[in-house]
Amino acid sequence: EAGVAQSPRYKIIEKRQSVAFWCNPISGHATLYWYQQILGQGPKLLIQFQNNGVVDDSQLPKDRFSAERLKGVDSTLKIQPAKLEDSAVYLCASSLNGPGLNTEAFFGQGTRLTVV
Amino acid sequence: GNSVTQMEGPVTLSEEAFLTINCTYTATGYPSLFWYVQYPGEGLQLLLKATKADDKGSNKGFEATYRKETTSFHLEKGSVQVSDSAVYFCALTESNQGGKLIFGQGTELSVKP
Chain A
2 EAGVAQSPRY KIIEKRQSVA FWCNPISGHA TLYWYQQILG QGPKLLIQFQ
52 NNGVVDDSQL PKDRFSAERL KGVDSTLKIQ PAKLEDSAVY LCASSLNGPG
102 LNTEAFFGQG TRLTVV
Chain B
44 GNSVTQMEGP VTLSEEAFLT INCTYTATGY PSLFWYVQYP GEGLQLLLKA
94 TKADDKGSNK GFEATYRKET TSFHLEKGSV QVSDSAVYFC ALTESNQGGK
144 LIFGQGTELS VKP
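One line per chain: the protein sequences are A and B, in this order.
Anchor point for the first sequence: position 102 equals 103 in my numbering, and the numbering is continuous, going up by one each time.
Anchor point for the second sequence: position 97 equals 140 in my numbering, and the numbering is continuous, going up by one each time.
Bear in mind the hints are in silico, worked out from the structure with no lab data behind them.
Just so you know, not all the hints are guaranteed correct.
Unchecked claim - Partner residues are not named here, just some residues of chain A that face chain B (Cβ under 10 Å, in silico):
| no. | residue |
| --- | --- |
| 1 | G4 |
| 2 | V5 |
| 3 | Y34 |
| 4 | Y36 |
| 5 | Q38 |
| 6 | G41 |
| 7 | Q42 |
| 8 | P44 |
| 9 | K45 |
| 10 | A94 |
| 11 | S96 |
| 12 | A106 |
| 13 | F107 |
| 14 | F108 |
| 15 | Q110 |
| 16 | G111 |
We treat Cβ as the ideally placed atom computed from N, Cα and C, and that holds for glycine.
Could you build the full structure based on these sequences and the hints that come with them?
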């Protein structure tokens, strides 16, 4: 079974530029998550989708971050404009979760973003 | 709100030593508890989990017991190997949170031959 795919693996941009990350979850997984992992810290949830609807985006800095999940499958996370403090690893995860059902989340390898 | 606190790293051990990584949590309800591992250059992988009090999760020689009275979920292994060198994350999720994970800050383990 293919895992969660993310691209690119690495990205270096200048501050105030824009950047986009792509995630393809495991086939059939209804729930998709984007986490931000700053160096030396644990991952923090940015946004959670159930199919193509947003379940939780309370920690997403909406003035600069946006995310969408096309047709309930692939997802894109965008930052515009980037700030130095956005340097982090962006992790995508997916799970089978449904109403009343909590199942294991599977993580991609992440995209390491460096803002200079 | 809910939170997870882990012991600070890095932890450096010799091969075959006993490992304990402490984890305590704060939660408003009855969370499920997890340990994830991140090997160098790889993504997060679920190591073990426990879904209710007194449950013991185990995998690859690692164990952790869900202790509600002390709100703890300490990770242990009797004899570590060089290949166990990684960053370990304790995490929780509540049943009404749709699977959202709250992570501790991670503990780096380095095992020397």
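Consistency of the hints with the structure:
no.: 1; hint: G4; in the structure: holds, 8 Å
no.: 2; hint: V5; in the structure: holds, 8 Å
no.: 3; hint: Y34; in the structure: holds, 7 Å
no.: 4; hint: Y36; in the structure: holds, 8 Å
no.: 5; hint: Q38; in the structure: holds, 8 Å
no.: 6; hint: G41; in the structure: holds, 7 Å
no.: 7; hint: Q42; in the structure: holds, 5 Å
no.: 8; hint: P44; in the structure: holds, 5 Å
no.: 9; hint: K45; in the structure: holds, 7 Å
no.: 10; hint: A94; in the structure: holds, 8 Å
no.: 11; hint: S96; in the structure: holds, 5 Å
no.: 12; hint: A106; in the structure: holds, 6 Å
no.: 13; hint: F107; in the structure: holds, 8 Å
no.: 14; hint: F108; in the structure: holds, 4 Å
no.: 15; hint: Q110; in the structure: holds, 4 Å
no.: 16; hint: G111; in the structure: holds, 6 Å
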